[in-house]
Amino acid sequence: MSELAFLSVAEAGKLIRQKQLSPAELVDALLARIDRIDADYNAFIAVLADRSRKEAAEAESEIARGRYRGPLHGIPYGLKDLIDVAGLPTTCHSKLRRDHRATADATVQKRLREAGAVLVGKLSLHEFATGGPAFDLPWPPARNPWDRNLHPGGSSSGSGAAVALGMVPAALGTDTGGSVRNPATCCGIVGLKPTYGAVSRSGVFPLAFSLDHVGPITRTVEDNAVLFAAIAGHDPADPGSAERPTSDVLRDLEKGVQGLRFGLIEHFYRDDSPGQSDQVAAIERAVETLRALGAEVRPVQVAPLARWGEVGRTILQAEAYAVHQRDLQERPEDYAALTRSKLLAGAFIPASEYVKALQWRRLLTTEFMQATAEFDAVLTLSSLELPCKVDDPEEVARTYERQCRMPFNVAGAPALAVPTGFTDAGVPLGMQIVGKPFDEGMVYRVAHAFCQATGLANRRPPLAAQPAVQAAE
Amino acid sequence: MVRVQGLERALDLFPDQVRAAAEKARPLPPLPDPTTEPVLVVDMRSREMER
Chain A
1 MSELAFLSVA EAGKLIRQKQ LSPAELVDAL LARIDRIDAD YNAFIAVLAD RSRKEAAEAE
61 SEIARGRYRG PLHGIPYGLK DLIDVAGLPT TCHSKLRRDH RATADATVQK RLREAGAVLV
121 GKLSLHEFAT GGPAFDLPWP PARNPWDRNL HPGGSSSGSG AAVALGMVPA ALGTDTGGSV
181 RNPATCCGIV GLKPTYGAVS RSGVFPLAFS LDHVGPITRT VEDNAVLFAA IAGHDPADPG
241 SAERPTSDVL RDLEKGVQGL RFGLIEHFYR DDSPGQSDQV AAIERAVETL RALGAEVRPV
301 QVAPLARWGE VGRTILQAEA YAVHQRDLQE RPEDYAALTR SKLLAGAFIP ASEYVKALQW
361 RRLLTTEFMQ ATAEFDAVLT LSSLELPCKV DDPEEVARTY ERQCRMPFNV AGAPALAVPT
421 GFTDAGVPLG MQIVGKPFDE GMVYRVAHAF CQATGLANRR PPLAAQPAVQ AAE
Chain B
1001 MVRVQGLERA LDLFPDQVRA AAEKARPLPP LPDPTTEPVL VVDMRSREME R
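Heads up: the protein sequence lines correspond to chains A and B, in order.
Per my numbering, the very first residue in the first sequence carries number 1; after that it's consecutive.
Per my numbering, the very first residue in the second sequence carries number 1001; after that it's consecutive.
Worth double-checking, as some hints may not be accurate.
In silico lysine-lysine, DSS-like type, Cα no more than 30 Å apart, as pairs [as the list claims (entries may be wrong)]:
1. K14(A) - K110(A)
2. K110(A) - K19(A)
3. K389(A) - K1024(B)
4. K1024(B) - K95(A)
5. K95(A) - K389(A)
6. K14(A) - K389(A)
Now the in silico label distances, taken between C-beta atoms and shown as ranges [to be verified]:
7. V1004(B) - T366(A): 15 to 25 Å
8. H234(A) - P1034(B): 13 to 23 Å
9. P239(A) - L1031(B): 25 to 35 Å
10. L1031(B) - P138(A): 37 to 47 Å
To be clear, the hints were calculated from the coordinates, so they are not data collected in a lab.
Glycine residues also receive a C-beta, built at the ideal position from the N, C-alpha and C atoms.
With the hints as constraints, model all of the structure from the sequences given.
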């Protein structure tokens, strides 16, 4: 079972296409693993055992009849539970949404279903993709696969945990200020925030319209590219969807980085907000690895991290409050305390401050595009801290916004979190590879070369027997 | 308190949280040019135009 659990999408897809692996057998193995270990990690809000077995049987039958749909046919996946699946609740991990039923599939779910992929379950998150690990909700928070006492990052916390633990090979998350890349970094895997507009958000519960992105979380870079290729592309149902055709992100995956030029935004973690020493040492090693592979890496200066953070936060809080205003006014007690605190901040942002943030956004983004124009990609840290204990609200509050991810939500550029190593205690470390808008192919190319050289994606969580911390009511 | 219109229930149930949220509000620094055009969602999807 363990070997099936850690098959990559690409490996499983190849075996399924060659009829050497049965989708039904694969799904059964993953369901058994979920049944055995998820009580310790809380990655799932809903496991769709019957549905996934039915879909896997259908995939197997189609493939047997010679109707192979492509690299995701028969491949299991999970969805962050703010993505609609027709007939199922989209809980957003919230008491407010327990009785919700989606009437249609989100566009990304529709595309994965049409690709023949098999939905295994809905995954836990921070309530409404904000807040943080909370114990006053109908479902417990997910835990870190490498140490159950730590948080797994968020807000796509269940997506990160489920993929790292071999419960599914792929999942979708959403990213408004880093919520795909944070769990990817904390769980030692790969997560993409695509270019704004590259992936439809139709049928996905919003946090902040102009910062929201849907992105894949996987154990390997190649798998991430396969997922992205399946879900990207114009969708008239999403007003922010770009009309530009999606490029072939797999075409140049194996080309390596020889001769490429990368900008390193090191002032984010050296000067603006000094990073934790293991995180900084790991990105330094990563830079040396890329240089050894033939790339040129030079520092580049953009706006200070704090400016990006305050602009992004103002936009996020104002837009999120617009979504939640009525519920915060009428039933504030139904939110987790952490979520309520974060969302209430938006009530005190004057309209002029929101517009000012959008004005700053233009200045920051224009400057960023000009400063990085000469580079093929840009590198910087993902988290400035290590994940703290899941039940330590003060540490969660202190460390959660210590990150370098928000700039790329503000700028709309594609950013991929990849692992850079582990601390001596086995806690994952990570960095971001950032591309020009709509150049996810370059981001994947760089990341693939780096991960192939380091082999970090092959390391598996120990399923340690350490006791989980108790819920802090 | 800057503005609590509509938040009476939240203020009644969670006064500390509402006050803390109000106190967290910090104005952004002034723009170099206040006539700068803001970015809208429709601009975001055309971001490749800025390359």
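Fill in: Hinted pair K389(A) and K1024(B), Cα distance within 30 Å
holds, 25 Å
Worksheet item: Are the Cα positions of K1024(B) and K95(A) separated by 30 Å at most?
Response: holds, 26 Å
Fill in: L1031(B) paired with P138(A), Cβ distance criterion 37 to 47 Å
Since L1031(B) and P138(A) have Cβ atoms about 44 Å apart, the given range 37 to 47 Å holds.
Discussion item. Against the range 13 to 23 Å, how does the distance between the Cβ atoms of H234(A) and P1034(B) compare: consistent or not?
Written reply: With a Cβ separation near 35 Å, H234(A) and P1034(B) fall outside 13 to 23 Å, so the hint is violated.
Worksheet item: Within 25 to 35 Å or not, the Cβ separation of P239(A) and L1031(B)?
Response: holds, 26 Å
Worksheet item: Is K14(A) within 30 Å of K389(A), Cα to Cα?
Response: violated, 39 Å
Discussion item. So if I understand the rule, the pair passes when the alpha-carbon distance is 30 Å or less; does K110(A) with K19(A) pass?
Written reply: holds, 25 Å
Worksheet entry | Assessment of proposed distance window 15 to 25 Å (beta carbons of V1004(B), T366(A)) | violated, 37 Å
Worksheet item: Are the Cα positions of K95(A) and K389(A) separated by 30 Å at most?
Response: Measuring from Cα to Cα gives roughly 24 Å; hence the hint holds.
Fill in: Satisfaction of hint between K110(A) and K14(A), Cα-Cα up to 30 Å
The given pair, whose Cα atoms are some 23 Å apart, holds under the 30 Å limit.
Of the numbered hints stated above, those contradicted by the structure are hints 6, 7 and 8, listed in ascending order.
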